[in-house]
Each structure stands twice: as structure tokens, then as C-alpha cells.
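S.K.: Just so you know, the protein sequences line up as chains A and B, in that order. So that you can map any letter, position 162 of the first sequence is 162 in UniProt numbering, and since no number is skipped, the others follow by simple counting. So that you can map any letter, position 306 of the second sequence is 306 in UniProt numbering, and since no number is skipped, the others follow by simple counting.
Keep in mind the hints are simulated off the structure, nothing from the lab. Please note that a few of the clues may not be correct.
[To be verified] With a cut-off of at most 30 Å between alpha-carbon atoms, the simulated DSSO-like pairs for lysine-lysine come out as follows:
#1 B:K520 - B:K411
#2 A:K66 - A:K264
#3 B:K520 - A:K679
#4 B:K411 - A:K238
#5 B:K520 - A:K542
#6 A:K238 - A:K264
#7 B:K43 - A:K542
#8 B:K507 - A:K238
#9 B:K411 - A:K66
#10 B:K411 - A:K58
#11 A:K535 - B:K37
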Amino acid sequence: MTTDVAKQDAVPQKTTVTPTLAPHTDGPSGRKEPAGRVGGGLFDPEQLVKSLPDALRKLDPRVMVKSPVMFVVLVGSVVTTVLAVKNPGDWFGWAITAWLWLTTIFANLAEAVAEGRGKAQADTLRKAKTDTVARRIIGEDEERVPGTGLKIGDLVVCEAGDIIPGDGDVVEGVASVDESAITGESAPVIRESGGDRSAVTGGTKVLSDRIVIKITTKPGETFIDRMINLVEGAARQKTPNEIALNILLASLTIVFLLAVVTLKPFAIYAGADQQTSLIVLTALLVCLIPTTIGALLSAIGIAGMDRLVQRNVLAMSGRAVEAAGDVSTLLLDKTGTITLGNRQAAEFVPVRGTTEAEVADAAQLSSLADETPEGRSIVVLAKEMYGLRERHQGELAHAAWIAFTAQTRMSGVDVDGRQVRKGATGSVVAWVEEQGGTVAPDARELTDRISQAGGTPLLVAAKDDKGARVLGVVHLKDVVKEGMRERFDELRRMGIKTIMITGDNPLTAKAIAEEAGVDDFLAEATPEDKMALIKREQAGGKLVAMTGDGTNDAPALAQADVGVAMNTGTSAAKEAGNMVDLDSNPTKLIEIVEIGKQLLITRGALTTFSIANDVAKYFAIIPAMFAVAYPSLDKLNIMGLASPESAILSAVVFNALIILALVPLALKGVRYRPTSADKMLRRNLGLYGLGGLVAPFIGIKLIDLLISLIPGIG
Amino acid sequence: MSPVLADVLQVSALIVALALVHRPLGDYMAAVFSSGKHLRVEKWIYRAVGANPDTEMRWPAYLRGVLAFSAVSVLFLYLILRIQNGLPGSLGFAAITPDQAFNTAASFVSNTNWQSYSGESSMGHVAQTTGLAVQNFASAAVGIAVAVALVRGFARSRTGELGNFWADLVRGTVRILIPISVVAAVLLVAAGAVQNFAGIHELTTVTGQTQSISPGAVASQEAIKDLGTNGGGYFNANSSHPFENPNGFSNLLTIFLLLVIPFSLPRTFGRMVGSVRQGYAIVGAMATIWFVGVVLVTWLEFAHPGTASQLAGGAMEGKEQRFGEGASSLFAVSTTMTSTGSVNSFHDSFGGLSGGVLLLGMMLGEIAPGGVGSGLYGMLIMAVVAVFVAGLMVGRTPEYLGKKIGTREMKYAACYILVTPALVLIGTAVAMATGNGESSMTNTGAHGFSEVLYAYTSASNNNGSAFAGFGANTGFHNTALGLCMLLGRFLPMVFVLALAGSLAEQKPVPETAGTLRTEKPLFTGLLVGTIMIITGLTFFPALALGPLAEGLAA
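So here's chain A without its partners, still in its complex pose (with noise of 0.2 Å):
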């Protein structure tokens, strides 16, 4: 309701300012695309040419040694670099020098065009942080601070048209506020004191009427700050997972090393000395070592926490998408989620003696003056049902309305001597009472009926010239929203299990989670239901992931592994949570998951790819070094590949080209559905274990053909 009466209040402002993260693929109610799939980003060759500079200054030894793999490969530049220099007549020495340094630029820009997408948004997000002026609150007086001189504590006063200063919670007033500079969505939004509507962000704008505003965190560290950060990839650290696979990688690194270095020894027994010069050994060890995957791997880690920003939700930390991965209990809030907004009215029902077209037009006239959503959908059911037009209070003269009150529960209209009122069960048979009528026996047994069917029960009663009576019953039921069905037998698919927490009672709860789908449910929820719903599953090792928005969920929030903060929600749950969602769309806990785990799978691919790559290099190399020696071994060379030189040259250029191929690939993330483990295993071992050990004969083949057209070559 919040947005609609802003909508209405809020004069239509040309919105100037609409530096919004992303194209929305997704609307706040649903996606666009099928369900359960993750889209990957856009990827525009030209950002290669753009992030060129950057990846140059990236040669820095002192960033590149952050990655043993490629930093190995840098030395190994260095080193072909000195040789070809020293030997200046050799053009395979330069050709591999250049193919060397070109492997390494190629991981640097993998890198940068990743950090370049973030930067642009990082851009956008800066022009909204312009610089504030406060007007500080002193005992009676207020004076002008610039806004990065407040403090924690201060209050701060905002009129219609100011640029907030800081972010903090509203202690006094209401206002309308334009928050797109944050969310990129237009429709202004209330902020209010107290309540779950209270937090304020720093770099939006107040729209309409004055707020008094306590800040609540420092000049630097405000969210708009820490979204510029996130966005940035400053802020970023190694996750464990790639700390983990680093070691891996650094591992086989050495291990190649050592048969690389302890190499030369044997090939001068061997006789083959001349023909394993350092540059050919170089080639073969910056072939071996897994420089696919180490070249990608830190643009996998970012290419994912930049998804999810597409997605208007900011993860904290790469941990956060990690952990989303790994979840497997789910935690979702029936209403927004589950089902649509509010419960509909779905039949009406009619004691006995009594004809439903009675009870549809004595609910829908009662309802008029029901602006709940509830009392809207009588009106609208009436009038799909039985054409009662939708009549209007002005409509009938002389009439009395009684609008609908949380405290009377019971809204009604009085007109032409005949009354009429719907409303709670307890309400309604009360006022019947009241009014000396009686309550037909088969109320009960309806209202009854309902109830167990998970729905919920209002009764709709008049009193005329017959006397008070109870003239039937409205079902008002909970939708499920479309398609969820299917979603969450994708997410049981992928052994995530998913519990729906409502306020309901247990009945009403269990039907909805019956027609929902859902595994599990929690009634009759208190946030510290939830609490301890949480640390049970966790003692059991699951990862637990949830949404929430008020300061009550907080504690919640910081307890679970994945928790998401809706940004209309509190400045106490958004510092629970571990991420952030712009668009306050609880649904889209299912895409963050889905998310974290096409991160990993795409860190698996290309590590079992790049491990398979290194058979057909062995098949380039190993012949081309000691054919000589050992005639025996030309039979290696089952590409037939033209001579030494192309066939070492080739695996090199292939080596290096291999990266380039993949950078769309590593910013998109490999293609994911939800399916069982064992099926995505045997999926992405066929097309990455298989592929990677076909594709490179095939591609060093094509680039030796290629190398031996050469004139002078081969």
C-alpha cells in the first residue's frame, strides 16, 4: 500500500537523475526469463579494447605475484625476453616471447574487463554522491555542515527537494523519498519514524514534506559508500573456495616445474640437449601449468558478484555468493513470496435457505466500504461472478457506510431500512446477536470447513425485515503465486529444502505450503521461531539462507548464511544481512542461489578444462624436443604437426588464444539448470573434461596448418 499512496502524493517528477545498476531484465513481481534459469551479462568485445590500458598496468610483479600461475608465466616472458634478446636472430625465440607476453596480458584483461563492468557502475553511483550540505540540528538553531562533516549521532533536518546527507533513521515526520539513485526504480517511496519504514539512505532525495533524520553511520562507510566499493572490487578478497583452489593450482604449478627444470638433465643423457633450449622449456612449462583457469579465476569471482548486482542485490562479500551456493535450506516468507500480496476472496457460500447470488450481492455491497485489499477482491469477485456492477458510495443516497476498522473488524453499509455487514466471524455473529438475530446452525460448519481447507472465513450477515441473520460465507484464500510448484521441485532437485514461514496459524499454514510445494512450514512465526529454526538447521551442518526487512529479523538475519536485506527494510537488518536486495523482491533468494552455484560450477569447468588441456600440449611438445634424439617418439606426434618449432609454437598460441576464447564465458558463467548433482556432473564432465582434452588437437592442429603457411617458417 506504502507505494500507491506515494505514487499519489508525490507530485510526477521528471526523474533526471536515473543512474540505475543495471538494465532490469527483472521486474519486482516476476522474471522475465523461464524459471530457474540464470542469465548471464552482456559481453561486448569492445570492452577488451577498453580495459587494454588497465591490464597493462596490471603487469605490476607486485599484483600479478596474487596469482602463482600467472606470475609464473610472467617470469617465464622475462625470461624468453632476455633470450630473445641476446640471441635477436632467432624468430622463434621472439615469436614464443611475444605469445608469452601476450598469454599474460590476456589474464590481465580477463581481470579488467571484469573490474571495467563494475567501474561504469561504480561512475554512476559517484554523480548521486555529490557533495551534501547538512543542516545540522544544535539544541534550537540549525547550521549548514557540509555532509562529510557529521557525526554518528546527529540530527539532521530534510526538506522537500534536499539531498539527504548521510545515512540514518528518520526520528521525526513523514516523507516521500526518491531512492532511484540506489535502486534505479522511479516510484518514490514513504520513509517514516519509527516502524520497519525508518531507514534512510544518504545520497537520496526527499521529495515531499520534512524529516529529522539521526545519522547513523560515519561520513566514508555509508551504503552508498560501500555499494561504490562492492561494485569496484576493492573491497575484495580472495573467497575460501579460491584460496582453496589457488593451493591446487599452485600445487601443480610446482609439480610441473619440477618436471620441467628436472627435464633438462635427462634430455642431455638423452642427446637432446640442443633441442631443449630454455625458451622450449619455458613453452612447455607455461603450457603445462594450469594458466587457463589461473588466468580466469579472479574474473569468475567477479563476473559473479556483478550477476548479482545485475540482479539489484549487493552481496557484502564474495564469501556471501559463495555461501549461496552451498545452501540448502531455504527460508521463505509466505506473503511476496509464496503467494501474491494478499489473500482474494474465491467463492461465496451460502447457508441454508439462502442463494449464493444473495450472499455475493450483500458481501460485495458491504464491501464498498472495505478499502482493504481484501474487501476490493469481494467487490471484484462479486462482479466477475454475478455482474454486480461495482457501485460507488456515492451511488446510493441516504446510505450510512461503516468502513472497515482493525478494531470492529466488520465493515457494512445501512441503507433503505436494510443493513448489511461482513466482516471476522467473531465480529459478525456478535453483531447479529446484538441486533436479536440468530446464527444459522450450518454457519459454523462452513466457517469451519473453510478454516481446515487453509482458507480464511468471513461471514456475511444482514438484517431486514426478516431480522438479523447470517446469510452465508466468503472464502478468502491465499494465491500461490504462479509457477512456484515447479520451482521448488527444482530447488528439492538440487537438495535445497524449503521451509515457508508465516504468521498463520498451523492450519492455514499447512494448506498453503500443501498447495505451494513447499517441504516445510513454520506457523504462527516470532522472530524468535526463526531464530531457532536457523540454529537447527545449522547444528544438522546446513547452510541457511533467508530474507528479511524488519529490525526484529536482524538477529536473524546475522545468524543465517545467506541473509538478505530488503532495502526497504531497516538500517538494522541491512547491517544484519550479508546482502542487500535494491529491489525488496524476496523471490529472488532463489536466483541468489542459483547464482553462487553457477559461480562454482564455473570455477570447476574451466579448472577440470585447463587440467585437460595439458594431454595434447604433451603430444605437441614431447615429439617436437626428442624426435631427434629418439626417432622412436615421432610417433607421438599423432597431430602430425609440420615441424619442432610450429608444433611448440602452436601449443603456445593456443595456450594463449584458449584464454581469450574463455573470457565470455568466465563473465557470463556457464549455463545452469537445476538438476540432481549426479546429472550436472556427468553434463559438465562430458562437455568440460571431454571437451578439454579433444578441442586442444583440434586447435593446436589448426594453428600449426596455419603457422606452416607461413613463408620461411616450419
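Given chain A's structure and the hints, the job is docking chain B onto it.
M.R.: Leaving out everything else, chain B in the frame of chain A:
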């Protein structure tokens, strides 16, 4: 009966026997290492060494036990060998030289049983029985203990405790190795192996030369030599000596003994982690590699080109003449892939390519099925590496048997897979670069290089078999190979136990449909692929210059 049919029957009989025995034996070993009771004789031993078998050890304590026990064993064995001329039953043999004594002590304590000496002409009864035979039991029991500690790491949660080293060591010896050895020794004696303490017989052969034959407690040592994947023969000729391996039955029994514990331990593992099928996945990977190796070597040997070979029905020179090409190949593959190193034929005499398969069998890290204990822990480490890569491909941070393979676990596994390749390659390279390799070769060219490569591969992987012809008894090789054996045995154990400790501390992750299924054939295939690519690729250049260059030339 054609030789091929005979071999098929022989291999089939072996597989059936192993299939029948591995279940009860595996279950029995699981029970032994899970039981809380002590036998009376075990209590005496604990009292004698002053160990409390009921205290739980964390991994550093367990490791200290392993290292302390092994260090004492090396020193004790070294001492016996150095002073053997003064010991009773020395048969008049001199004390062993310092470098050879170090090499032999390192060799037997590390379960390698590389022999740079010839048993019948240098070791007396005391050295053979209280020195060498004791280590045959002890080193094997240490291997089993470390494997069991790693299995406990997987099986236990929220504790760092891995059991008690002394209890595991004593139980492995008293309840597993000794009883089976006794049965096996009796069977071997029945088959005709020698068992006595008679002196040396001097006799004159038909050609008029004198030959000295020194029998001894051969059958009993033979049993544990094979059962404990030790491989150090009583005689230099090892299992091709008729006193050790008198006939076809004893030959098959010997092969069975090599394989029985390594192939049963995965069952023990499955039992202890609560899923027998997990054990099958591991044994499946071991069996696949072993079986392919047997088929490959047998086929290569029968198909060996050359007129003489084809007339003889196979490349018979240097092979076990009594039992034929098939039995030689089966024995050779089984002994190289179990880290045993006993031989019934000379691996030097295998064709280039089949010799390469034997080398590769050791280079894979002795895991198919590997040495007693060491085979299981080596294979489990490879499983951890395979799970790490494959686990990512199913979209979860990797886990194996409910334990996360995180940074710490990966660090230990990565160190483990570094050790033996580093020792093999550096060892061979230093030998070659210093000229010590070339001076010990009997052959030239690629085959000569294979001799050196084989020696360092065999020592570093604790196999102990040799490409006969390599002159190993030099100061350089005795020392270098001794170091390779000790480092190749105990450095990996450090990482295995550290990994076990780290795993045992974790809380388990429940299995879901999203978990990588490690008990499926797909995983077994993946594991074999990982082993071949990660370990195989490391040695490809070296293999190319040795066996491949030789084999492809034919």
C-alpha cells in the same frame, strides 16, 4: 591348454578369491579397529612399552607416535646390521657397511624393502628374523594405522581425536598380520617353501662350479613379505627362487597375499564411515587401474615383436620360466601396484612399453591398490582432489563424506601430491646430472635411463622392486635412495594425519540431492581420470625418454 587361456583362468581365480575374501576380512579389520577390548597379549605389550592404549590422540600426538616408533626402528635395525658379525647365527657374514646399513634400515622401516644387498650372501639369521622380518610386520602395521587414522578423520566429527597409535599398531600386528601370516606360511610350507635354520650347503654344480645354498626361515618371512606389501626377499632372486616360490600354487598364493589386504581395506573404510558403497567406489578405482595394467602388460608381452619372442610365445628372457609369461606379467603388475616390490621375473626384461606400465604403476603413487594402508590413504587423498574439482562442477563448495574440503584440507592434500613426484624427479635428475646415474647403468640409451628412473621411482614410492641390472650398491645411491625412501614414506604421513585431524574437527554436512555422489561408478571413473591426468602427466616427459622411446622403437 593355451597360455592365454591359462592366464585368463589364473586371473579369474585370483579375482574370485579376492572378491570372496575382501568382505569378511574388511569387516573383520573394521571390527578390530573399532573394538574397545584388548587381548591379554596386547595388554602385556602395552605394559612393556608403557603405552596407554585407551587415550585418544589428536593428530600431532598420533604423528609423534608414528615418527618416534619408526625412528627407533631405523636405529635398531641399523645397529643390528652394523654389528651382525658379532651376533649369533651370523653365518659368518661380515657387518654391513654404514651406507648400505642405512639404506637397508630405511628401506625396511619405510615398507620399501629395496635391497642393495643379496640376502643369501650377506644376512645372517638374526638380521633376517629379528631385524628384517620384524620390520616386515611393524612397517606394514604402521601403514595400516595411519590409514585407519585417516578413515577415523572422515568418520568422526567435532573432535580432533584420531584414536591411539599404539593400540592401532599392536592390533594391526597381533590381530591381522600375524594370524594371516601364520596361515599363509603353513600353506607355503605345504607348497614346498623352505623353513629351517640349517647352515649353508656347499655343493658342486654340473658345470663344476661350487654353489652355496643357505636355507632359513624362508616361508615365514615370505608370508609377511607379501602380505605386508614389503617385498624384501630372503634370497636375491626373490620370488623367482624356488625356495621362496616353489610352484604355480605358491605363485598364485603369493600374488593373492600381495593384494588381499590392500583390496580389503576399502571395505574396512566403507564400514567405518558407515557406507559400504563408498568403499566399493574406492576399490573400484583401484581394481580398474590394476586390471587394465594386468591386461596391458600381458598383452604387450605376448605381442612382443621379434622372432625369438614370437617362437617362444612371448618375450621369455628374464621371465619366470616355470610359470610363463602370463604369471610373470600378473606378478609384475601386482607387485608394482601394491608397493611390494617382490618379483618373480626381472622387470628389466619386460618390453619397453610394458616396463613403462610397471613404472607408471608405481608413479601413480602406489594406490591401485597400493601398499597395506598406504594404498588406501593415498587413494583417499586422490579422492579428495577429485572431489574438489568435481564438487565445484555440481555447484557446491566441495565435500567428501560429509566433510568440507576447504582451504586447510586442500593445503594438506596438495602437499601430499607434491612429495613423491618431487622425490622421484629430483632424485633421478640429481643422479643423472652428477653422472651417478650413468655409472650404475648396465644398459645404454633409453633403457639405461629407465633403470635409473625405475630405481628412484621405486624408492620414493616405497615399492622396492628394481630394474635388475642397476648397480644400486654405491655410496651415492645407497644414501640418496635411502633418503627418498624415508621422505617418501614419512612426509606424506605427516600430511595424511594433519588432514585427518582437520577432517575430524569438522561438523558433518548432511547429504542432499545436491551433494556429489561419491559412491557412484561415475565418481570412480572420475577418480581414475584424475589420477591418470594429475599424476600421469607429471611423469610423461620422463617416461617418454625411457620406456616410450624404447618401446615405440620396436
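S.K.: For the pair supplied as a hint, A:K66 and A:K264, confirm whether the alpha-carbon distance does not exceed 30 Å.
M.R.: Cα-Cα ~29 Å, so holds.
S.K.: With a cut-off of 30 Å on the C-alpha distance, tell me whether A:K535 and B:K37 pass.
M.R.: Outside the cut-off at roughly 38 Å; violated.
S.K.: Below or equal to 30 Å on CA atoms is what counts here, so check B:K520 against B:K411.
M.R.: holds (26 Å)
S.K.: Going straight from one Cα to the other, do B:K43 and A:K542 come out at no more than 30 Å?
M.R.: Roughly 43 Å between the alpha carbons, so the hint for B:K43 and A:K542 is violated.
S.K.: Between the alpha carbons of B:K411 and A:K238, is the straight-line distance 30 Å or under?
M.R.: Holds - the C-alpha atoms of A:K238 and B:K411 are around 16 Å apart, at most 30 Å.
S.K.: Sort out whether A:K238 lies within 30 Å of B:K507, counting only the CA atoms.
M.R.: holds (24 Å)
S.K.: Has the given pair, B:K520 with A:K542, been kept, meaning a C-alpha gap of at most 30 Å?
M.R.: holds (23 Å)
S.K.: Next pair to validate is A:K238 with A:K264; report whether the Cα-Cα distance is within 30 Å.
M.R.: violated (36 Å)
S.K.: Would the pair B:K411 and A:K66 pass a check requiring their Cα atoms to be no farther apart than 30 Å?
M.R.: It holds: about 17 Å lies between the C-alpha atoms, which stays within 30 Å.
S.K.: Are B:K520 and A:K679 close enough, with their CA atoms no more than 30 Å apart?
M.R.: Judged against 30 Å, a Cα distance of about 12 Å means the pair holds.
S.K.: Holds or violated: are the alpha carbons of B:K411 and A:K58 at most 30 Å from each other?
M.R.: holds (27 Å)
The structure shown violates the earlier hints numbered 6, 7, 11.
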